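Please build the complete structure, drawing on both the sequences and the hints.
As they're listed, the protein sequences go chains A and B. First residue of the first sequence? That's 1 in my numbering, and the numbers climb one at a time after it. First residue of the second sequence? That's 580 in my numbering, and the numbers climb one at a time after it.
Because the hints were derived from the structure by calculation, they are not lab data. Warning: the hint list may mix true and false statements.
If you want the footprint, here are the derived chain A segments under chain B, 3+ residues with CB under 8 Å [as the list claims (entries may be wrong)]: (1) 124 to 134; (2) 178 to 186; (3) 298 to 308.
Note that this is a predicted model, so its numbers are computed, not measured. For every residue, glycine included, the Cβ atom is placed at its ideal position computed from N, Cα and C.
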Amino acid sequence: MSSKQITGAEIFLECLKKEKVDTLFCYPGGVVLKIFDVLFDQKDIRCILPRHEQGGVHMADGYARSTGKTGVALVTSGPGATNVVTAIATAYMDSIPIVVFTGQVPTALIGNDAFQEADIIGITRPCTKYNILVKDVKDLAQCIKEAFYIASTGRPGPVLVDLPRDVVTNKAEFHYPDKIKLRSYNPTVTGNPRQIKQAADAIAAAKKPVVYIGGGVILSGAADEVRELAELTKIPVTHTLMGIGGFPGTHPLSLGMLGMHGTYYANMAIHNSDLIIAIGARFDDRVTGKVEGFAPDAKIIHIDVDPTSIRKNVRVDIPVVGDVKHVLVDLNKELRLVKEPWDAIRKSWLKQINEWREEHPLDYDHSEEVIKPQFVVEKLYEVTGGDAIIVTDVGQHQMWAAQFYKYDRPRMWLSSGGLGTMGYGLPAAMGAKVAHPDKEVFSISGDGSIQMNIQELGTAVENNIPVKVVILNNRYLGMVRQWQELFYAERYSSTDLGSTPDFVKLAEAYGAVGLRAEKPSEVLPVLKEAMKSKKPVFMDFVIDRYEKVFPMVPAGAAINEMIFGEEKKKVEKKLKAVK
Amino acid sequence: MKHIISVLVENKFGVLSRVSGLFSGRGFNIETISVGPTLDPTVSQMTIVTSGDERILEQIIKQLNKLIDVIKVADLAEKEFVEREMCLIKVNAPSEQRAEALRIADIFRARVVDSSQKSYTFQVTGDEKKLEAFIELLRPIGIKEIVRTGKVAITRE
Ligand SMILES: Cc1ncc(C[n+]2csc(CCOP(=O)(O)OP(=O)(O)O)c2C)c(N)n1
Ligand SMILES: [Mg+2]
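Have a look at this one:
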């Protein structure tokens, strides 16, 4: 090794190159100027300047979700750092690998309430997988290596690295460790063979099994293994909001989504099952409904890389800790040895499920006069041939996007599931588009959500990132309004957005394309026009203001106690029963 | 149910706050916590007394294990162990009560670490029961102040 001394800023750049980072979402400020100065001369990494730091980190998140690679962002100290907290928490709740670098005041000033100082390590401790304050330029390379390693292994998550100004300006020799070993961090990869054997036995013995997959299947790249398991044993598969694309949505064994806005047949199948095979899912309360009423007769197999997910919310009979893909490869091996006539065994269960499917298919009231949001999503599916990356914001539109578009592959669906962050859609879509310039990327947003990070349209235009934004415009904070209609005696407190801006003009003001549809007949032409555009597009779909998301499991009810759109009376009766 | 959990952690900046933040953030209870160095200067030892049912305890242990800086977690309830706590107690000791105070201290093998005309400060070490009994006996005399270290524990060979 030469003993050449380089600055912390140069070390930073070298480390990113070693990690094969090709895109950096970065916003400058005083204490990180040295880094920006170094970035100015290089060509290896594309630097994208968002309009707000939150947007920048959501972009890194969208980049990570759509590729499986680690997303990277850099912001300044103080307000730059505090601006990214929501985006970091969003990634944390959904286990997304990102590394966020924040500037910090010089080490000698830390704790002095210096100008633009924030204790970002303290602030983000509960919403990062790990965070590191680098105190000496000599440790910088090692810390960055650790950050990337921790973010991307085990149960992935965001890691924050805080860089005091003197660490960035001081010099040291650059040496990047090839391998890293932390005595206190050794995620379990392979599952215990005894547990896997037990799981296989339970599957062979089950009469009414259901596979329930979550985001872990996407994160571990286990979609093929899930499919093999389902097809081999003829077990139907339901997915969470995060598990969308972990099993083909068009597959005959797919039950669609379960939980609060899941399908009737998925929830009935889970409720009446005698075995649940939970894979990379965490039994969130939006999925289980009332925990005491959840799947009363089912044995539960739970496969997850994170032992804390197991037995956190529900009882588990056969826990298997390990990377989902590894465990499924082993489990499928066991199951191939089982010589059961799977088709015959499963016949009556699948017949029962089909009856449920016919009883209450996913549907909505069609209309010739007013645009139904579900219709827009269906048409989008048609126009894109089911092949676009779909990113969402949070609200009713998110649920319609989950219900009425069919996702056949992983990483085509990006949505803030755990934190439910309005404002995620546009910037995350941009991150995905940057990583996949040849793919169509659509954000399905609400008129409320889009206004939470609308400024990023400027970034999209400036950097030529042609994302297409479907705004399902109901002039309401629709999801909240829905709860008020159903559970708060139609008292619409603070949910009527009244006048939303003219999204068409707004798009044009930014130099993007603005389109509008006000009648059902205009939906398809607008979508087709957007598909053709080489620029970012805002599509304003003026939809039925009063449309609601159904089916729905009211908060506090068990998941078989669903309410449907067409039966308002039943709604009221069920609600009384719940109270 | 009370549990004593022994945790080995990296001796790094901010680790105590990660551990205590975990407890407060998830609504787990900490009764006492003590931290000190070990034979290996890069490793610290924490002894945490907590309470909760079996499910909560399982979560506490798993969550502690999940923290990046935690090297090892042991629930001492699964093992034979010795526990000790030290306590400093300042009691009223005007002339008519001095003898009585010393007599009680003697029974518990407490040492006088400070004395003034009107008070004694005792140092006593033992398990929880012993400390509680000592405090109860001193109470009628008049306790001015108590400072306790929290428990430390070690497994038996
Ligand atoms: C940052 C943030 N604030 C508040 C909420 C609570 N919330 C959930 S959905 C929703 C309404 C969203 O409105 P819009 O984006 O118009 O979507 P719609 O439900 O109308 O489709 C609100 C306020 C949230 N999820 N995120
Ligand atoms: Mg809306």
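Against the structure, the hints come out as follows:
no. : hint       : in the structure
1   : 124 to 134 : holds (count 5)
2   : 178 to 186 : holds (count 4)
3   : 298 to 308 : holds (count 3)
Checked against the numbered hints above, the structure violates none of them.
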